[in-house]
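Since the structure of chain A is provided, determine the placement of chains B, C and D on it from the hints.
Protein chains: 4
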Amino acid sequence: MPQIKAGIINVTGYIGSELARLLYQHPQVELKSVTGRSAAGQELGDVFPYLGKTRLAIKDQLDSDIDVVFSAMPHKSSVDVVPSLLRKGIKVIDASADFRLKNAGEYPRWYGFNHPSPELLKEAVYGLPELHRDDIASATLIANPGCYSTSAVLALAPVVKEELIYPDMIIDSKSGVSGAGRTPGLTTHYSEANENTCAYSIEGHRHLPEIEQELRELNPEFSLSITFVPHLVPMTRGILSTCYARLRAGKLAEGVKAKGELQQLYREFYRDAPFIQITGKPPQTKHAWGNNFCFIYPTVDLRTGRLIVISCLDNLVKGGAGQAVQNMNLMFNLPETTGLETLAIYP
Amino acid sequence: MPQIKAGIINVTGYIGSELARLLYQHPQVELKSVTGRSAAGQELGDVFPYLGKTRLAIKDQLDSDIDVVFSAMPHKSSVDVVPSLLRKGIKVIDASADFRLKNAGEYPRWYGFNHPSPELLKEAVYGLPELHRDDIASATLIANPGCYSTSAVLALAPVVKEELIYPDMIIDSKSGVSGAGRTPGLTTHYSEANENTCAYSIEGHRHLPEIEQELRELNPEFSLSITFVPHLVPMTRGILSTCYARLRAGKLAEGVKAKGELQQLYREFYRDAPFIQITGKPPQTKHAWGNNFCFIYPTVDLRTGRLIVISCLDNLVKGGAGQAVQNMNLMFNLPETTGLETLAIYP
Amino acid sequence: MPQIKAGIINVTGYIGSELARLLYQHPQVELKSVTGRSAAGQELGDVFPYLGKTRLAIKDQLDSDIDVVFSAMPHKSSVDVVPSLLRKGIKVIDASADFRLKNAGEYPRWYGFNHPSPELLKEAVYGLPELHRDDIASATLIANPGCYSTSAVLALAPVVKEELIYPDMIIDSKSGVSGAGRTPGLTTHYSEANENTCAYSIEGHRHLPEIEQELRELNPEFSLSITFVPHLVPMTRGILSTCYARLRAGKLAEGVKAKGELQQLYREFYRDAPFIQITGKPPQTKHAWGNNFCFIYPTVDLRTGRLIVISCLDNLVKGGAGQAVQNMNLMFNLPETTGLETLAIYP
Amino acid sequence: MPQIKAGIINVTGYIGSELARLLYQHPQVELKSVTGRSAAGQELGDVFPYLGKTRLAIKDQLDSDIDVVFSAMPHKSSVDVVPSLLRKGIKVIDASADFRLKNAGEYPRWYGFNHPSPELLKEAVYGLPELHRDDIASATLIANPGCYSTSAVLALAPVVKEELIYPDMIIDSKSGVSGAGRTPGLTTHYSEANENTCAYSIEGHRHLPEIEQELRELNPEFSLSITFVPHLVPMTRGILSTCYARLRAGKLAEGVKAKGELQQLYREFYRDAPFIQITGKPPQTKHAWGNNFCFIYPTVDLRTGRLIVISCLDNLVKGGAGQAVQNMNLMFNLPETTGLETLAIYP
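Residue numbers (our numbering), protein chains in the order written: chain A, 232 to 578; chain B, 232 to 578; chain C, 232 to 578; chain D, 232 to 578.
Pulled out of the complex, with its shape left as it was, chain A reads as follows (with noise of 0.2 Å):
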């Protein structure tokens, strides 16, 4: 069976490193070609030790015969170089926020730049498979989408969806640090972030325009009102994020009968989802440690009616470089789980 060839572009971030630690090992895949601007020219076990074994150089350019790049440069840039890639007909899974708003309008006041390439925000497809799994499979251009939002749409999505209940939704994230990437500051120094946890982005994180316009997607009668809060813990990896909203009254039965129709309506809205697993009891970030899995846990708050979604992944893998990777394996008609199978590290 032939190989699909692929590239990473910018492979010293977190996102990158992790796409090559999954990508080297994904047994359809031959990783051809890394690039990293600073690093160029080193080999990639130089700057990652745990990575000798690929025995890539790391490139300014990437290779000509590459059937697929993954694109981890930072929001903004990534931009500049994915229309090229298309236009040779290298299929495109874009790690940034370039592609994932459908309206252009949106940029200017998230990101702060006019988006150069509007046409291209309709035919990049968002790469979240539990929603769009047809579409991407048919895509050449793939907008993964951001670690936050993989965790809050696909808690939220069944009940969006089924309309159980009211649109206000509060979405109250905890992430590792890993998610602020691999470039040292102030706030991801070792001795500011360890035994520490505080709330940032209160305004407006970047993360909430997509997890709207996947929710509206779901429900477009529905006028959503979500606040979004993230906050930072000391831990490398994980995102935990506990959803609240009110349920719809009649629409589930009374008392503790509701969350196991709860749980039923979550199992039956993800039956063909390999990576989602309903839980039965409060999920821990622990048991996706390097893994695509999504836990997610629904729930009901007897005293108040509320309804309590808990779901948590792995930052880097379902939210970051495992999902890149359910996405090409999509593209390119691959069982959805192709070299995503490995458990979790534990503890």
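Some hints could be false.
A pair counts as met if it fits within one copy or between any two copies, since identical chains are not told apart.
[To be verified] Pairs of lysine to aspartate or glutamate, DMTMM-like flavour, derived with a Cα cap of 20 Å:
| no. | residue 1 | residue 2 |
| --- | --- | --- |
| 1 | K488 | E434 |
| 2 | K512 | E434 |
| 3 | K512 | E274 |
The hints are simulated quantities; they were obtained by calculation from the structure and are not laboratory data. These figures come from a predicted structure and were not determined experimentally.
Relative to the frame of chain A, chains B, C and D by itself:
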């Protein structure tokens, strides 16, 4: 000036040892006597080397010559020893929940026992100085608040009192592991708690009834509906509570001005509270590490018109031993901050 | 190709659960049966959600149709079950220390019991493939090495064998907390182990006699004098051992050239060892996180003419379950790396 | 009693902010003025919220009316500002290495610059009160020791002075990450430093020459041969140094008695040192968290006749700012412990 003679029951837990630290350093206190069942007979410095300077032995029973006793016994045990101390004329500050709930009928439900001294529930004062300063000053029995409760009630008291919000509230709290105490268990085993975040007690955490009791007392007409979800995050000390509620229309100015008015309202509400600091940006648990401060950041999510209040504190100090000492200061007519002025330790 | 049918005794500890992860993913193994006393009757996925995909129940007894058993029982218990397994013709890989020491007389001193099956100590092979590859291939009973021992012996074997050093050696090891197992205790309680480093077992750690045995076997004339001090550092996985010895004069070139010769000697010594990587700069435990590699950095302190060798590995993989699987591969004539090729997970 | 007027140069690093904490709380000090280049113009409480109570602004220049200046500038910068302060009659306590080495010729080799004021190296006193109490009392310029150096010299001084050991010594130190300062970089990036242990500066760490200088001064005839290997472990504060040397025959009793004699010798050596605590079992860095203690555990490895001494301290307090304040106390004829009596914070 005569010294207050103090004793600690059950010094071997984290609240007990933190009380020993604070009372030993308190300029107006002589820490006379400490007890601890399993460690009786040992030197305090053998169990906790950092407390060696206290030169105290751990005994079976407190000395008789004591003005105030801090009970750091677990729930359901404290209630057995407190009445006899009170009969001897000793003031008691109880760190357990045994005297926190005014309604004896709540004990079977939340704590699984019938309260043997319901008459003392009327006598006991809930030891949150920011709300009950005067009652505390004349009390003989203080029910020291829970750590989560302190952070949540302080965050929400001003807006409940002033009825700025609708009575639906969500409290999403993140706590360090020391809140679970010093008794080893799988949940607090290092390899399990490290690099892990999870929610727990979603069905109803025991601090919820005291949160409701205190907020209801501020506004008895208010039909509260509170969802409280505590989380465990991988750090030793610190609680951060993120609270959400919908603002009532017309109570605050439109737009950004609302934030300023809110800040003003909080500053006003806590103008006499030396340990409350209203912040202009999201606070970090690290800023309260080792001291008695509670930082509160009230703001408005302008997109949704929702109130967000974030509070943080050290769960063993303002959420435990420090607040107990603050209560003692009031009971003995000392300045509220005596012995509690130390700065946080950072980083 | 027929699958190896494997069973795990005592799957509920960290070595047991790590064995389950590796064996479940091993392409030539069918994990048939797992036992665990306290958890018998439960699903493996109930105890360890990340192992849910194994769809195994925890039983009292292993199934009868097994080719190889991994015993993850504690010391002194394993010795009771191994003989009967061997009599049934089942190969055994024992993760405990019960068959590591050749001299039965060492057991009372180091482990506090008289060995009931001293004849098996001759039959057992010390499962360090880098030293005993051929014996392992034909063995029926493997004594899987201790985690500290693996890091120390691999670091020092080349220079002991070649007698480059004087026989006075110091091994200063730093271990993550998972090495202490899954049973909760005060030392491994999160709030005690976090933000803390300490030495322990200075009087003589139980891994010392196996370190001495293995190094002595490499050079029986060498009158070893080893000081070994293990330390606990606040991380879950990883061991880093820093080893010191004085170089014999005239064995290596003068000055910087000595370093190159030393590197060369180590590369030569381990040229057939797929899991040993000799590094050109100090290695980090993180580079081995979750995989079976041991990184070794040999160098010379030119100021003092002293040898320094630093080795690191994941204590649960190369220091435990991974090495056990490596041994199994050799016993069943599979390529040594089968099922162990995964890259480390980083960061 | 008149207050000492103190200033801090470069308050924005961790040593600077820790000095601010300690000096603000010191009963005999008025912290008058703090500087910091990049943050000049801001309030100290804006940069460090926990220091808000100081109500100090960060300035470009110190006020003129100052008795003592603490310089927390980096190496090579401090030497430029100290001479003019001294000329104005201001006492200086310098936290950098710029005045630690008596031999100006060492600076090019270890610090990469020619010392511009070699005459001040004679005047400067190495600020380790346990060795130089009298000289410190009369000094005008104190070179505050390095954090590693403090732990190592205090651990080894008694046995070097009494010549109980051979001059071959190994110092294996484990440090928390705050020792690397507040400037972000990849090594101290949370996701890199968390769950990681490594050695560094094996070729020769800059604290080595001061360790040698101080030990040599205790016993000039002793031909020292010291190997020092520092390690980074994932915690914020704390250094633990494990020191090894061979005992000279006949200096101590045989067997277990040797340990008692050794303990006695250390207690005697440090009988006037209020911050040294000789322990009967291995100490933990946590026991010194946030205070000025140094715990020292001397013992004998009876199997090999080797001395092991373990010391630990808080790198920012006894290894930095606390020791600087201790020096100030001596210089101003205050009790050595003034302002430094606080207990450690635990857990």
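Going through the earlier hints one by one, which of them does the structure break, listed in rising order?
Result: no hint breaks.
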